[in-house]
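Note that the protein sequences, when read in sequence, are chains V and P.
With numbering that gives the first Met the number 0, letter number 84 in the first sequence gets 83, and the count goes up by one each step, no holes.
With numbering that gives the first Met the number 0, letter number 133 in the second sequence gets 132, and the count goes up by one each step, no holes.
Derived by calculation from the structure, the hints in this document are not laboratory data.
Warning: the hint list may mix true and false statements.
[Stated by the list, open to error] Examples of chain P residues lying across from chain V (beta carbon under 7 Å, computed):
1) Asp24
2) Gly87
3) Ser88
4) Cys114
5) Phe115
6) Tyr116
7) Met145
8) Thr148
9) Ile152
10) Phe154
11) Tyr162
[Stated by the list, open to error] Covered stretches of chain P, as calculated for chain V (at least 3 residues, CB under 8 Å):
12) 25–36
13) 178–190
If you're wondering where the values come from, they're calculated on a predicted model, not measured in any experiment.
Just so it is clear, CB atoms sit at the ideal spot from N, CA and C, and this is done for glycine as well.
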Amino acid sequence: MILETNIVLEIIAQIIGIILGIIQPIVTPIGELMVLWVNYLLEYFPYGNLTLYIAIFIILVVAGVIINASIIGRLLKEKVEEFEDKMAGKEDEEEETEEDGELNNLEENDIEDFSEDEPKEYNEEDSS
Amino acid sequence: MIKRVTEQDNIMIDEDSFLEELNRDAKNIIRGLGFTAIYIITTMVIPYFTFTWVKELSIFGIVDIEMTQSQYDKIIFWVLAFGLVISGSAFFSYSSPPQSIRGGVFALIQVILNCFYIWSYKFSGATEIQFDIVNFGFFYLNLQQMIITYLGIYFLTILLKVYDIIDFVVNREKIREKRMEKLRKAKEKKMRKRAKK
């Protein structure tokens, strides 16, 4: 009824009809193929309990907010960097303490007396 | 005249970039929420009320759409189930930055889910409508063929989405450069405005 009264809508409907008529021979066999795999996969979707679908919806929304908000991403990155720095700091400290321990374990004889190697004072007489 | 960039200016620029980032995030999230709302309305609310209305509909006693209780339960279940998943993936896809790979992947998932959603309509029995004509007989209008044609068109959409993803992956660096260039220009514009002030 509406299409008959409005000439513009009628033309649009005709155009869509023509386009569909042209592509139908190509598209319908593809659609039948689609139906095959859709029917096959539909059997694996759980029926009768919406809880799983609600959970998927919530997970997608929360994941979307976390992943797509770069502020949160940046904060997380900063946290990770802080953690990495802390870990690196701890490793350095451990290395230092290990080195200190090694030095402490050295016996007195092991420590060379470098005082002898000190440069002798310049003597004016020697130069002459 | 060269304006010296003071520490105060740097702090202000940092605050600006933070606000810009926040603004961009908020825009993305709001866009995602908007599209989620649209998808919830179009894939869940409208079909739910339509099928509830159609359940025992008889137009002037001529058109008789027979829908049993089990058929009704089944179609409502699938409409709600796929509607929820489609809306969730729509949120993810529309809240992603434009031309991003994750956005493309979720757009593809959304199209595939749409195929399941459309095909689930056949469970309603609304694809085969019986028209009773008084003192003449009846005829069937089989809408299943129309859905098959629609699924065929959806296949072409899937191909397009796959092409999009390949394009985003191949031109990833270019897309990033363009995005950064856009951001840089916006920042420069702001800085120029501030310098004028």
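These are the hints, each one checked on the structure:
no.	hint	in the structure
1	Asp24	holds (4 Å)
2	Gly87	holds (3 Å)
3	Ser88	holds (6 Å)
4	Cys114	holds (6 Å)
5	Phe115	holds (6 Å)
6	Tyr116	violated (10 Å)
7	Met145	violated (9 Å)
8	Thr148	holds (5 Å)
9	Ile152	holds (6 Å)
10	Phe154	holds (5 Å)
11	Tyr162	violated (16 Å)
12	25–36	holds (count 4)
13	178–190	violated (count 0)
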